[in-house]
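Let the sequences and hints guide you as you build the complete structure.
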Amino acid sequence: MTITSTRQPEVGGVTNPAELLIREARAATRRRRQRVLVMAVAGLVATVAGFLVVGNSGPPKHVNAPVKTDPGSVGVPKTTPYPSTLKMQRGLYDGGGHIPALPWGRVIPASQLRWINIKSAGAIDEWGVWRPNGDRGLYPVRSMDGGVHWTAAGPLLATDWVGGGIYYVGKVISDGPTSVVMVSNAVIDVTTDGGRQWYQYLNAASDWIVSGQPVSVSIGIRIRPFPDGDLPKGSYATYVLNDARHEWVRTGESIGAEEGRS
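Under our numbering, the first residue of the sequence shown carries the number 1392, and numbering increases by one thereafter.
The set of hints was computed from the structure by calculation and includes no laboratory data.
Certain hints may be false.
Claimed, not checked - Within a straight-line C-alpha distance of at most 16 Å, the following computed EDC-like cross-link-like pairs (lysine to aspartate or glutamate) qualify:
id : residue 1 : residue 2
1  : 1624      : 1598
2  : 1478      : 1621
3  : 1562      : 1598
4  : 1510      : 1536
5  : 1478      : 1638
6  : 1624      : 1644
Claimed, not checked - If you anchor each label on the Cβ, the simulated ranges turn out as follows:
id : residue 1 : residue 2 : range
7  : 1470      : 1490      : 24 to 32 Å
8  : 1525      : 1606      : 33 to 41 Å
9  : 1470      : 1497      : 41 to 49 Å
In this text, all values refer to a predicted model and were calculated from it rather than measured experimentally.
Yeah, the Cβ is synthetic: ideal placement off N, Cα and C, and Gly gets one too.
Below is the structure:
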């Protein structure tokens, strides 16, 4: 006699061991995929957050990183060694034995003409520096006939007294019969009324080379550094005389080879 089981299989139950193994493998695969997806999303979020932080604060800086203080940086102008104005004093220096000058307009004796050895380049209206007998002091003189006759045109410019060497003018820049600039590395002597009144600017450092600067109005000069001076090599400044205020006004400059303005 055959006995038949009356127990019914559970609803949804699996009795085949092979099928159980397959289902377990599929469940493990799904769990691995979920972990990979979670890790990928977390990495993406971290990357985006990092970009936002860098964009707002810039790259990190080390506490000992050097600070850029280059004076040539954009927006930071170099300091000019040339003053914006050169204010002159009335009259020339007062020293060196107070050697009296010839009265203004007095004719220089013919025997003394050979001692007028610093002159302007004018063809007709000339200015010069007279050193009586080749010694003592220097005096400004003027000629209205191309150097044939000369007359006294101002007080003592310089003498041989101790410390007075910086007042010895070495160049005469004429601007016609009434105006002239007489200069050295230290002084700028000016008259605009034919020598009746003089004004002087003193650069105590004595490190300038002054030359004439053509301008459409007034008188112009250009100042550049003496070769062994402390000013930037290749620099210069241009000035125009403001006669009413008795000062030179800077109208342009170049500070070294890389930066300039005018």
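Hint-by-hint comparison with the structure:
1. 1624 <-> 1598: 12 Å, holds
2. 1478 <-> 1621: Judged against 16 Å, a Cα distance of about 22 Å means the pair is violated.
3. 1562 <-> 1598: Holds, because 15 Å separates the two Cα atoms, which is no more than 16 Å.
4. 1510 <-> 1536: With a Cα-Cα distance of about 14 Å, the restraint between residue 1510 and residue 1536 holds, given a limit of 16 Å.
5. 1478 <-> 1638: With Cα atoms ~4 Å apart, residue 1478 and residue 1638 stay inside 16 Å; holds.
6. 1624 <-> 1644: Judged against 16 Å, a Cα distance of about 13 Å means the pair holds.
7. 1470 <-> 1490: 24 to 32 Å: 41 Å, violated
8. 1525 <-> 1606: 33 to 41 Å: Holds - the Cβ-Cβ distance for residue 1525 and residue 1606, about 36 Å, lies within 33 to 41 Å.
9. 1470 <-> 1497: 41 to 49 Å: Roughly 48 Å apart at Cβ, these two residues keep to the hinted range, so it holds.
Of the hints listed earlier, those the structure fails to meet are numbers 2 and 7, in rising order.
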